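As they're listed, the protein sequences go chains S and U.
Position 62 of the first sequence, counted from 1, bears residue number 62 in the numbering used here, the numbering being contiguous throughout.
Count along the second sequence starting at 1, add 70, and that's the number in the numbering used here.
Note that these hints are calculated values from the structure, not bench results.
It is possible that some hints are incorrect.
[What the hints assert, rightly or not] Examples of chain S residues lying across from chain U (beta carbon under 10 Å, computed):
| hint | residue |
| --- | --- |
| 1 | GLY30 |
| 2 | ALA38 |
| 3 | PRO46 |
| 4 | GLU49 |
| 5 | GLY59 |
| 6 | ASP63 |
[Claimed, not checked] Just a sample of chain U residues kept apart from chain S, beta carbon distances all over 12 Å, derived:
| hint | residue |
| --- | --- |
| 7 | GLN75 |
| 8 | ALA154 |
| 9 | PRO183 |
[To be verified] Pairs of lysine-lysine residues, derived as BS3-like cross-links and limited to a Cα-Cα distance of at most 27 Å, are as follows:
| hint | chain 1 | residue 1 | chain 2 | residue 2 |
| --- | --- | --- | --- | --- |
| 10 | S | LYS61 | U | LYS134 |
| 11 | S | LYS53 | U | LYS132 |
| 12 | S | LYS60 | U | LYS76 |
| 13 | S | LYS53 | U | LYS130 |
| 14 | S | LYS7 | S | LYS60 |
| 15 | S | LYS60 | S | LYS28 |
| 16 | U | LYS130 | U | LYS76 |
| 17 | S | LYS5 | S | LYS28 |
| 18 | S | LYS60 | S | LYS5 |
| 19 | U | LYS130 | S | LYS28 |
| 20 | U | LYS132 | U | LYS76 |
| 21 | U | LYS134 | S | LYS28 |
| 22 | S | LYS53 | S | LYS5 |
| 23 | U | LYS107 | S | LYS28 |
| 24 | S | LYS5 | S | LYS61 |
| 25 | S | LYS7 | S | LYS61 |
| 26 | S | LYS28 | S | LYS53 |
| 27 | S | LYS53 | U | LYS134 |
| 28 | U | LYS134 | U | LYS76 |
| 29 | S | LYS53 | S | LYS7 |
| 30 | S | LYS7 | S | LYS28 |
| 31 | S | LYS61 | S | LYS28 |
Bear in mind that the values here come from a model prediction, so they are computed numbers and not experimental data.
Using N, Cα and C, we set each Cβ at its ideal position, and we do this for glycine too.
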Amino acid sequence: MAKSKIKNNIRQFRFENGQMTQADLADKAGVTRQTIIAIEAGQYSPSLELAIKIARAFGKKVDDVFEYEE
Amino acid sequence: MNRSQKIAWLFVITISLAVVSSLAAFAILYIKVGIPKAFAGFALLGIVGFAGFGQMIFPKDKGKIICDERDTFINRQAAIAGFATAFLVVGLACMLPFFILGPQATIAVWWLPNIFGAAGLASFFVHSVVILVLYGRSNKNE
Numbered sequence: 001m002a003k004s005k006i007k008n009n010i011r012q013f014r015f016e017n018g019q020m021t022q023a024d025l026a027d028k029a030g031v032t033r034q035t036i037i038a039i040e041a042g043q044y045s046p047s048l049e050l051a052i053k054i055a056r057a058f059g060k061k062v063d064d065v066f067e068y069e070e
Numbered sequence: 071m072n073r074s075q076k077i078a079w080l081f082v083i084t085i086s087l088a089v090v091s092s093l094a095a096f097a098i099l100y101i102k103v104g105i106p107k108a109f110a111g112f113a114l115l116g117i118v119g120f121a122g123f124g125q126m127i128f129p130k131d132k133g134k135i136i137c138d139e140r141d142t143f144i145n146r147q148a149a150i151a152g153f154a155t156a157f158l159v160v161g162l163a164c165m166l167p168f169f170i171l172g173p174q175a176t177i178a179v180w181w182l183p184n185i186f187g188a189a190g191l192a193s194f195f196v197h198s199v200v201i202l203v204l205y206g207r208s209n210k211n212e
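Next comes chain U alone, as it looks inside the complex (with noise of 0.2 Å):
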């Protein structure tokens, strides 16, 4: 397993912990306290900040040659689904509310940073699981 691949997997180990213990603790401060101050839940994504300790935590992978055109190409699909994926989550997030509230309806200027922030999430986990399998089923062998 290359330095790419270990990132890669803390970075969706740390996405799926920050988001599945958010949504919990979202539900039991819903259940206690009620909507807005449930939303206090959402503080424990602040847990995906772990995951920038990976250039860190991860040695440079040793030898003479750590990055070729297989690399390249695997980082560049990689960028590429996340990007989507992004552009994704905001296109959605444009035209759901459209759909739900009506054109004439407004939402609060808050949801913004959220979408930027889920964009964000959402870019990072599928650009980590793109580089897992891309670089999974070709290292059965090793």
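Only chain S is shown next, with the shape it has when bound in the complex (with noise of 0.2 Å):
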């Protein structure tokens, strides 16, 4: 898969929620481990419910978490 132009924080916000694990976050969103990494390294592109998922794993909004790069 391309390199998504989405890109994301979510390394950043899995260590300020108490050193959330990617299996942790997998979890919460109800998707695989794998995804959380793919989606991490800004090699997939989740859907908007994903994203929606995620965001609210961290109890923040969807702009926080994913932000798209022109």
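Both chains are given apart, each in its own frame, so use the hints to dock them into the complex.
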């Protein structure tokens, strides 16, 4: 998959949320850990539904977690 | 590596092995006994059948979630690529004789199941390669 234009702060938010592991976030968002790894590395753009789930896992808005790079 | 990747690797290995060994067998038989008997070498394509055991060999992935939107996306892309490849193989198999032999020529009916088999093999191979490529590119940090 091509490198996504959507940047994210998932790694930063994971550490700010008590060193949340990728597996913990995956469980909260209802996806596999592989998918969290791919999203975090910017190699997969999540659907809007998944983006909202991830943002909610951190108690943030989607805009805070994801940003589109022009 | 998840179950899909393991099964895809099994397909890539068995199909590659089957094609290489059957072509080698065909070449050897061609030199020794000549053309129609040399086609018996393609019986080694049966090795591909072992790939069918992949579903039994590899246990289901552990964890609550074993398939999500990314897995679905990758499988869909692989299926499209596999189908496109099968279409291409059948298309080429139909068009090449037309251009090589001419519009009035005839071909034996036994080519038809072979074309079907070749399209299936190519489809499975490309399907598996696409799965490995799409997962592989995004799993380097695991």
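Comparing the hints with the structure gives:
1. GLY30: With a minimum Cβ separation of about 6 Å from chain U (threshold 10 Å), the hint on GLY30(S) holds.
2. ALA38: Holds, about 4 Å.
3. PRO46: Status holds, d = 7 Å.
4. GLU49: At about 8 Å, which falls below the 10 Å cut-off, the nearest Cβ of chain U leaves the hint on GLU49(S) intact, so it holds.
5. GLY59: violated (21 Å)
6. ASP63: violated (21 Å)
7. GLN75: About 10 Å separates GLN75(U) from the closest Cβ of chain S, which leaves it inside 12 Å; violated.
8. ALA154: holds (18 Å)
9. PRO183: holds (37 Å)
10. LYS61(S) with LYS134(U): holds (26 Å)
11. LYS53(S) with LYS132(U): Holds, because 22 Å separates the two Cα atoms, which is no more than 27 Å.
12. LYS60(S) with LYS76(U): violated (37 Å)
13. LYS53(S) with LYS130(U): holds (26 Å)
14. LYS7(S) with LYS60(S): holds (15 Å)
15. LYS60(S) with LYS28(S): Within the cut-off at roughly 14 Å; holds.
16. LYS130(U) with LYS76(U): Holds, at roughly 11 Å.
17. LYS5(S) with LYS28(S): holds (24 Å)
18. LYS60(S) with LYS5(S): holds (21 Å)
19. LYS130(U) with LYS28(S): holds (21 Å)
20. LYS132(U) with LYS76(U): holds (14 Å)
21. LYS134(U) with LYS28(S): Holds, at roughly 11 Å.
22. LYS53(S) with LYS5(S): Holds, at roughly 20 Å.
23. LYS107(U) with LYS28(S): violated (61 Å)
24. LYS5(S) with LYS61(S): holds (19 Å)
25. LYS7(S) with LYS61(S): Within the cut-off at roughly 14 Å; holds.
26. LYS28(S) with LYS53(S): holds (8 Å)
27. LYS53(S) with LYS134(U): Answer holds: LYS53(S) to LYS134(U) is near 17 Å, not above 27 Å.
28. LYS134(U) with LYS76(U): Judged against 27 Å, a Cα distance of about 19 Å means the pair holds.
29. LYS53(S) with LYS7(S): holds (16 Å)
30. LYS7(S) with LYS28(S): holds (20 Å)
31. LYS61(S) with LYS28(S): holds (16 Å)
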